[in-house]
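Read off the chains here:
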Amino acid sequence: QQQVKQSPQSLIVQKGGISIINCAYENTAFDYFPWYQQFPGKGPALLIAIRPDVSEKKEGRFTISFNKSAKQFSLHIMDSQPGDSATYFCAASAGSNYKLTFGKGTLLTVNP
Amino acid sequence: DVKVTQSSRYLVKRTGEKVFLECVQDMDHENMFWYRQDPGLGLRLIYFSYDVKMKEKGDIPEGYSVSREKKERFSLILESASTNQTSMYLCASSPLLGELFFGEGSRLTVL
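So the protein lines, in turn, are chains A and B. The first sequence stops at residue 112 when you use the numbering used here, and every number in between is there. The second sequence stops at residue 1111 when you use the numbering used here, and every number in between is there.
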């Protein structure tokens, strides 16, 4: 049972464009939604995270949009750069349960 | 900076061998995790530990066991390696209710 569905599986964007990755969840107990960024040969690293008390969180060029009623959240990368090329994972966890359930990942390629 | 160190980056083992993957964190984190990463499947939780000598099964514990004798060290054990355990293994640690910090991974090939 896949509790966090991530799309698309891969994404190609031109430099300066907007990259959008979407995730949907089923478990209404989830209350922490992080995004992780992974470069080749490295472990994932936390990029940005949101809790459901806000609908949007922005850090620099990265924004999470959260829609609680639709049980969806998305990552927007503005002014995408070649250095943003990486695999992005959404994740979710519930309450004091610190186990993260990850989406399957999106391979983002930003062309120069 | 938090550092999570996985002792072996690349391993090649034979079917049936016992395999130990070691992970050490240097930030006194309570929680430690072992994930498996496969193309198209994302990260799947094998086991996690929230305290010394404490462990809980994750989503795919079959064929694996773990050991946490000291707070900073969390070991993943494959009692009898099989080819379907060929994968990238990621260790992570976190403070209670905090961000996960990942190691760089151990790529295991079972022949």
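No lab work stands behind these hints: they were computed from the structure. One or more of the hints may lead you astray.
Partial selection, computed: residues in chain B whose CB lies under 10 angstroms from chain A [said to hold, decoys possible]:
1. Gly1040
2. Leu1041
3. Asp1059
4. Tyr1064
5. Leu1090
6. Ala1092
7. Leu1097
Glycine included, each C-beta is placed from N, C-alpha and C at the ideal position.
Hints broken by the structure, by number, lowest first?
-> Of the numbered hints, just 4 does not hold.
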